[in-house]
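Sequence order for the protein chains is A and B.
Per our numbering, the very first residue in the first sequence carries number 1; after that it's consecutive.
Per our numbering, the very first residue in the second sequence carries number 1001; after that it's consecutive.
These aren't lab readings, by the way, just hints derived from the structure by calculation.
Fair warning: there could be bad hints in the mix.
As the list claims (entries may be wrong) - From the structure, some residues in chain A lie toward chain B, with a derived Cβ separation under 8 Å:
#  : residue
1  : Arg3
2  : Leu6
3  : Glu73
4  : Val74
5  : Arg76
6  : Val94
7  : Asp158
8  : Val162
9  : Ser188
10 : Asp194
We put the CB at the ideal spot given by N, CA and C, even for glycine.
So the chains spell out like this:
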Amino acid sequence: MERKSLESVAANYPYLQGLWAIPMGFSTIIVGISNLQRRPAGLLLLGIIVGGEALTLVAYLLIARYYRHNYGEVTRTRGRRLREAVAVVAWVGVLFVGANRFLLWSLDSPLCIYAAAFALATLVCYAILVGLRAHHIIIWGAVLLAGLLPIWGGLGVDRDAVAMFPLGVALIASGLLDQRLLVRSLRSSSQSIDSCNARE
Amino acid sequence: MPESNDEFVLDQLIHVPARLAIMTVLSSVEAADFVFLQRTTGLTKGNLSSHLTKLEEAGLVKIEKKFVNKRPNTTVALTPEGKERTAAHWDKLERLKSLSKTPSEG
């Protein structure tokens, strides 16, 4: 039985509930669609936004119930809550301050600083909350690099709205892999106790 | 050489793997509910209940039972003594582990 792994399973549990990222990812994609210059018009757009957000809300409620019934709940320590606050401030700081003020956000740029800043902010957030895992580095590192490639020039004003699509997909993929990590870490903690009991 | 044998006497109440796991999980959060403890330890309801009762009787955990959305919910948290004894127990285990790795002096 490993002390560190048991402690980290409980401490990281709130942050590895990756299913939350599925509605979050879909919401991001909907924001992308609604911000396109050449977006669907009238009732279709309204249907996409209202329908999409209603589905997102239902998904949030179902996911909350799923976690509560199947995995239970923990109350975080004051230290963890403080760390969360630091992570949120860092995320907002990197995304908005970094991208707007210091990286020269420009419509003429062939780069997508918004996507790169979003990926960097998310990596910083994960690093503060749970420590970076391989899938975080691969997924968000790829988005960061994609944002810094000079391939976005032809999109003009739609650049940031189009960037919402890969960001939404990255959120969903990263969340699903977080969920897999959570399931595996819970399984290995209970198996380590089983093996200790068997040796007794 | 250790100064006294007491330094290496293990806390028998906590040393049971299931109880040590419960205490360790609880030491990294403010509180956890019954379902979460069951998930992390893999214990059956009855087994977990009986370990929690023993820990509560010893004053190491505090159990709160309430209803959330008309469903029973049991929340468990370590008491200050529970926190102290869990940390002390792991310290002893780690010292014993490091002693067992130290090559014996000729």
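Which numbered hints turn out to be false for this structure? 6, 7, 8, 9
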